[in-house]
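Peer 1: For this one, chain E is given, so just place chain H on it according to the hints.
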Amino acid sequence: MKVRRIEKVLLYDEGTAEKLNIEEVTEYLRGKLGKAQVTVRGNPFAFWPEKSSDYARKLASIKIQDVGRKIAPGQEPLYGEISYEKRRILGETRSFGVLYDGFQLQRVFSELIAWDEHSLKVVHIFFTNRLFATWEESDKRYHARTSVYGIPSLISTTGLVEAPAKPREYYLLKQQYEMLGKDLLELKGRLKASFIDYEDERLTEVIKGYAMQAVFYHLVGNPFCEDKGCRLYNAHWQEELVFAQLESRYEFCERHTKVLDSLHKNESER
Amino acid sequence: MKVSVEEIKVKEDKTVRELMDEFQLSTAPILLELSGRIFYPDEIEDRKLKRGDKVTLIPLIAGG
Chain E
143 MKVRRIEKVL LYDEGTAEKL NIEEVTEYLR GKLGKAQVTV RGNPFAFWPE
193 KSSDYARKLA SIKIQDVGRK IAPGQEPLYG EISYEKRRIL GETRSFGVLY
243 DGFQLQRVFS ELIAWDEHSL KVVHIFFTNR LFATWEESDK RYHARTSVYG
293 IPSLISTTGL VEAPAKPREY YLLKQQYEML GKDLLELKGR LKASFIDYED
343 ERLTEVIKGY AMQAVFYHLV GNPFCEDKGC RLYNAHWQEE LVFAQLESRY
393 EFCERHTKVL DSLHKNESER
Chain H
19 MKVSVEEIKV KEDKTVRELM DEFQLSTAPI LLELSGRIFY PDEIEDRKLK
69 RGDKVTLIPL IAGG
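Chains as they are written, first to last, in the numbering used here: chain E, 143 to 412; chain H, 19 to 82.
Chain E extracted, bound-state conformation (with noise of 0.2 Å):
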């Protein structure tokens, strides 16, 4: 397997959950690559306050309004949609309502990346409470993620709750509970170790499996892994998610230690 070298990774938090502890992940990060320099960027929008209108255009324009529909390029947003981004580039609001375009905001987010930081030797990782879907043409309809790769790499601690699927238990006792009328949040709370909820404690760990998956698609490429007890799994199923990232017996399968070992080696023998 071929590995490229990383030179530093930029974390930016446009607008995250209040249990993201985006330090923690950075000294996480320091710890496993060796070398590369772990920088905290803070929000990307407070580099360019005067391209603040035409952003919020282009985060309106790319809003998804059917799930079943792709969205056409150019589409002409409303003064509404346009002014409601517009505020959540300036922070007046952290509401997570709207469903995105994955790679198209992605495309957006890399419009705030410095032109000389654009490269695979850079891990750039935006951490947003914004949700996201990409197209799939398989069945002709949007599913939301929890993070796409690229640069820059998104996660979204929105999609890490809504995108892989709660246990099939939780559906069915969902349906018995709005039968009777109980009160969901007992439910939630009887099945809480087997999902990721909203301001959840354990979020920033599992965050950093997420971004060890950026880091690894800069490395090789790809930042998945087979194996389900690996932090690159990548998760569907809310179990899964918990497994590889909180109860696994390792944190990566011994094919991607050995890269990450290597990184070390590299380092030692410089």
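Derived by calculation from the structure, the hints in this document are not laboratory data. Since we're looking at a predicted model, the values are computed, not measured. Any given hint could turn out to be false.
Listed below are several chain H residues computed to face chain E (Cβ distance under 7 Å; list not exhaustive) [as the list claims (entries may be wrong)]:
id: 1; residue: V23
id: 2; residue: V28
id: 3; residue: L49
id: 4; residue: F57
id: 5; residue: G70
id: 6; residue: V73
id: 7; residue: I79
id: 8; residue: G81
Label pairs and their in silico Cβ distance ranges [unchecked claim]:
id: 9; chain 1: E; residue 1: K212; chain 2: H; residue 2: E25; range: 28 to 34 Å
id: 10; chain 1: H; residue 1: E30; chain 2: E; residue 2: E341; range: 53 to 59 Å
id: 11; chain 1: H; residue 1: I26; chain 2: E; residue 2: K370; range: 31 to 37 Å
id: 12; chain 1: E; residue 1: V209; chain 2: H; residue 2: D60; range: 44 to 50 Å
id: 13; chain 1: E; residue 1: R147; chain 2: H; residue 2: K29; range: 24 to 30 Å
id: 14; chain 1: H; residue 1: D71; chain 2: E; residue 2: E320; range: 36 to 42 Å
id: 15; chain 1: E; residue 1: V182; chain 2: H; residue 2: D60; range: 25 to 31 Å
id: 16; chain 1: E; residue 1: H378; chain 2: H; residue 2: E25; range: 30 to 36 Å
id: 17; chain 1: H; residue 1: K68; chain 2: E; residue 2: R146; range: 28 to 34 Å
id: 18; chain 1: E; residue 1: E192; chain 2: H; residue 2: K29; range: 41 to 47 Å
id: 19; chain 1: H; residue 1: K29; chain 2: E; residue 2: E218; range: 28 to 34 Å
id: 20; chain 1: E; residue 1: K316; chain 2: H; residue 2: D60; range: 39 to 45 Å
id: 21; chain 1: E; residue 1: R146; chain 2: H; residue 2: E30; range: 22 to 28 Å
id: 22; chain 1: E; residue 1: Y340; chain 2: H; residue 2: E25; range: 39 to 45 Å
Here a beta-carbon is modelled for each residue, glycine too, at the ideal position from N, C-alpha and C.
Peer 2: The following block gives chain H in isolation, referenced to the frame of chain E:
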């Protein structure tokens, strides 16, 4: 679909689209690195590559 960070040496003049087809990347949005510069999917389809160019093609990947 091939997923790799291998650099490819272009053997003959062609468009990025033709190279993508060759590597069976035709349905995936991809990033192209050419001479250290990154190009996004909307910038690359008709871009011409010259014999001897060294490029890396990496698909954008969604998770979850």
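Peer 1: Look at each hint and say if it fits the structure.
Peer 2: Okay, the hints, checked on the actual structure:
| no. | hint | in the structure |
| --- | --- | --- |
| 1 | V23 | holds, 4 Å |
| 2 | V28 | violated, 18 Å |
| 3 | L49 | holds, 6 Å |
| 4 | F57 | violated, 9 Å |
| 5 | G70 | violated, 20 Å |
| 6 | V73 | violated, 12 Å |
| 7 | I79 | holds, 5 Å |
| 8 | G81 | holds, 4 Å |
| 9 | E:K212 to H:E25: 28 to 34 Å | holds, 33 Å |
| 10 | H:E30 to E:E341: 53 to 59 Å | holds, 56 Å |
| 11 | H:I26 to E:K370: 31 to 37 Å | holds, 32 Å |
| 12 | E:V209 to H:D60: 44 to 50 Å | violated, 23 Å |
| 13 | E:R147 to H:K29: 24 to 30 Å | holds, 26 Å |
| 14 | H:D71 to E:E320: 36 to 42 Å | violated, 59 Å |
| 15 | E:V182 to H:D60: 25 to 31 Å | holds, 29 Å |
| 16 | E:H378 to H:E25: 30 to 36 Å | holds, 32 Å |
| 17 | H:K68 to E:R146: 28 to 34 Å | violated, 24 Å |
| 18 | E:E192 to H:K29: 41 to 47 Å | holds, 45 Å |
| 19 | H:K29 to E:E218: 28 to 34 Å | violated, 43 Å |
| 20 | E:K316 to H:D60: 39 to 45 Å | holds, 41 Å |
| 21 | E:R146 to H:E30: 22 to 28 Å | holds, 26 Å |
| 22 | E:Y340 to H:E25: 39 to 45 Å | holds, 43 Å |
Checked against the numbered hints above, the structure violates hints 2, 4, 5, 6, 12, 14, 17, 19; every other hint is satisfied.
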